[in-house]
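J.: Counting from 1 along the sequence shown, just add 660 to a position and that's the residue number in the working numbering.
Check the hints yourself; a few may be wrong.
Below, in silico cross-link-like pairs of lysine-lysine (DSS-like), each with a Cα-Cα straight-line distance of 27 Å or less [unchecked claim]:
(1) K1248 to K1275
(2) K1252 to K1217
(3) K1275 to K1252
(4) K1275 to K1217
(5) K1176 to K1217
Read the hints as simulated data drawn from the structure, not as lab findings.
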Amino acid sequence: MPFPTKIPKHLLAIVLLILMSSNSQAQDICEGSLGDNIFTEGDFGEGTTNIIYTNPNIAPGYNYTTNPPPNDGEYTITSNIASWNYAFDWITPQDNSSDPNGYMMVVNASFQPGLFYEQNINGLCENTTYEFSADIINLLWTGSNSIKPNVSFLIDGTTVFQTGDIPEDEQWNNYGFIFDTGPGQTSLTLALQNNAPGGQGNDLALDNITFRACGPEVSIIPEDIATICEDGNPITINATVIGNQYSNPVFQWQQSFDEGLTWQDITGETGVDFTHNNLSSGLYYYRVILAGNLNNLLNSQCHVFSNVKIVQVIPKFYNAIDTLCEGTFYEQGNNSYSLSGMYTDSLISSYGCDSIVSLQLTVLDNNLEVAYTPFLESCPGANDASITIDNISNGNEPISFVANDTIGAPFNFLSSGNYNITATDRYGCRYNELVVIDASSEYNLDIGDDLAIVLGETVQLEVLSNFTPTDIQWEPAELFDCLDIMDCLSASITPLQNTSISLTAMTESGCTLTDKIDITVEDVRLVYIPTAFSPNGDGINDLLTITADLSSIERIKHFSVINRWGELVFDQQNFLPNDATYGWDGSKNGTKQNVGVYVYLAEVEFIDGASVVYKGNITLIR
661 MPFPTKIPKH LLAIVLLILM SSNSQAQDIC EGSLGDNIFT EGDFGEGTTN
711 IIYTNPNIAP GYNYTTNPPP NDGEYTITSN IASWNYAFDW ITPQDNSSDP
761 NGYMMVVNAS FQPGLFYEQN INGLCENTTY EFSADIINLL WTGSNSIKPN
811 VSFLIDGTTV FQTGDIPEDE QWNNYGFIFD TGPGQTSLTL ALQNNAPGGQ
861 GNDLALDNIT FRACGPEVSI IPEDIATICE DGNPITINAT VIGNQYSNPV
911 FQWQQSFDEG LTWQDITGET GVDFTHNNLS SGLYYYRVIL AGNLNNLLNS
961 QCHVFSNVKI VQVIPKFYNA IDTLCEGTFY EQGNNSYSLS GMYTDSLISS
1011 YGCDSIVSLQ LTVLDNNLEV AYTPFLESCP GANDASITID NISNGNEPIS
1061 FVANDTIGAP FNFLSSGNYN ITATDRYGCR YNELVVIDAS SEYNLDIGDD
1111 LAIVLGETVQ LEVLSNFTPT DIQWEPAELF DCLDIMDCLS ASITPLQNTS
1161 ISLTAMTESG CTLTDKIDIT VEDVRLVYIP TAFSPNGDGI NDLLTITADL
1211 SSIERIKHFS VINRWGELVF DQQNFLPNDA TYGWDGSKNG TKQNVGVYVY
1261 LAEVEFIDGA SVVYKGNITL IR
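Please work from the sequences and hints to get the whole structure.
T.: Next comes the structure, spelled out in structure tokens:
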């Protein structure tokens, strides 16, 4: 469809902005000075509840939820996502301000693109430049690789600016643009539209929507505080305008009497320069507002303003009243005073002002006294000793306390030792005292020294202490079989491997002590099988038997003897060593065997579960 032959100017401006800004992340923001935010609701306010429970009705096509997190096509107004109970893969930002109770808008995008924010603005000025901006954050973690939000800024239903994909950088990003109202245009509708599809991602938070007049840069320089003397001369400050947006700019100087919270016009001060001629001491706050014409100047939605300039008037006469403690000094200029009295000095300030300072000084006697009580540690090494303050006399609040390097009283979580405490009152009077925290009763617990034993050896453990234990616990518990506390003060154990033994005992006052020893079990297996025997009935070496340390042996699984032709001549199973009834008498089935060399084979099972095979030669002698 062809364009009409003539396009209204205010529509033409929007069309041109669309051609320049659509589908682009480039931002044409205000480079000069800005006015007040016309849209005061753009920060969503503040409150003590985490969620606003009243539907604000600001998102066409979206449902408002008070039960976060919002699902697809829903939004909520909240101060802190971290306070929610949710399982979304979202970061947890607060609103983008220094106010801990400030709100932001959280949007879970619909599956289809659509408006998620819309507001009307009235009372604007025609042919005036404005900036429209907002802070937006992608709620997905960095690296999520999900669908990224993509937002269009609309004026009267027409897209004027598009953010492009908002990155997963876990940061608030500011997006915005400037545009001009057309002739006769005094109202418009601002809207934000989601362009990306819903699903996995495309979730965002919105804050600080601003709509402000934009004009040339106007500043009062230098920006530092201007200082003059009470008996000096007035000072002239001037506004500097950079930029030619306004062909005939108009000015209005303003003064604030509440440190910049509110402003009042200064009658008749409509020029570039302003002379401050009030020489009464104090701080004075000024700024200048600027507009393209008088009508815009009178409309707070159509003008811009400068930085705040402070003028400080240094007083000629100072009256000082102070109190300090004996032994301290009041420094004034090149003089130092330590006695009560009235003092007058003429001083030249760093700004060159000649000031007369009258000092009424009171010096107090140092009678400050403090009484302390130390409390011992509940147990040695518990670091729960303390020092409390029982009484303070002849001092003036507030009083500060320092104990060694610890500031503030009472002093808790201390160990035993010496503490140099200094108390200082508001006037510098001091009291020093050395407070000693004695060591609490020393308890001793001993279960002996480290040991080295052989397999099967029994260890007798005796508990030595200078207190009567109220509870004890041996570790590892499976090695001990105790009926009561007194029974466990002496214990016999047979470790089968290298073991660390510890005993934890409790004193009557509730202190817990532990002692520990290491027991090394040497791999010595005492088994003996002779190399010869003589079954001749003389009573000496008549039997071939296995001898061993019974304490380490579980059983002999089998013991066999084989002759030189490979015949089994003797075999016994499952018996204990040192038992003659299981020895070989040199016969087979009642027949004496020939002298000579035989082979034996024995498998021994030890108490630690290990089985060892012994084999060798045995000589039969008659």
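J.: Does each hint fit the structure? Answer for all of them.
T.: Status of each hint after checking the structure:
| no. | hint | in the structure |
| --- | --- | --- |
| 1 | K1248 to K1275 | holds, 20 Å |
| 2 | K1252 to K1217 | holds, 25 Å |
| 3 | K1275 to K1252 | holds, 23 Å |
| 4 | K1275 to K1217 | holds, 14 Å |
| 5 | K1176 to K1217 | violated, 38 Å |
In this structure, only the earlier hint numbered 5 is contradicted, and the remaining ones agree with it.
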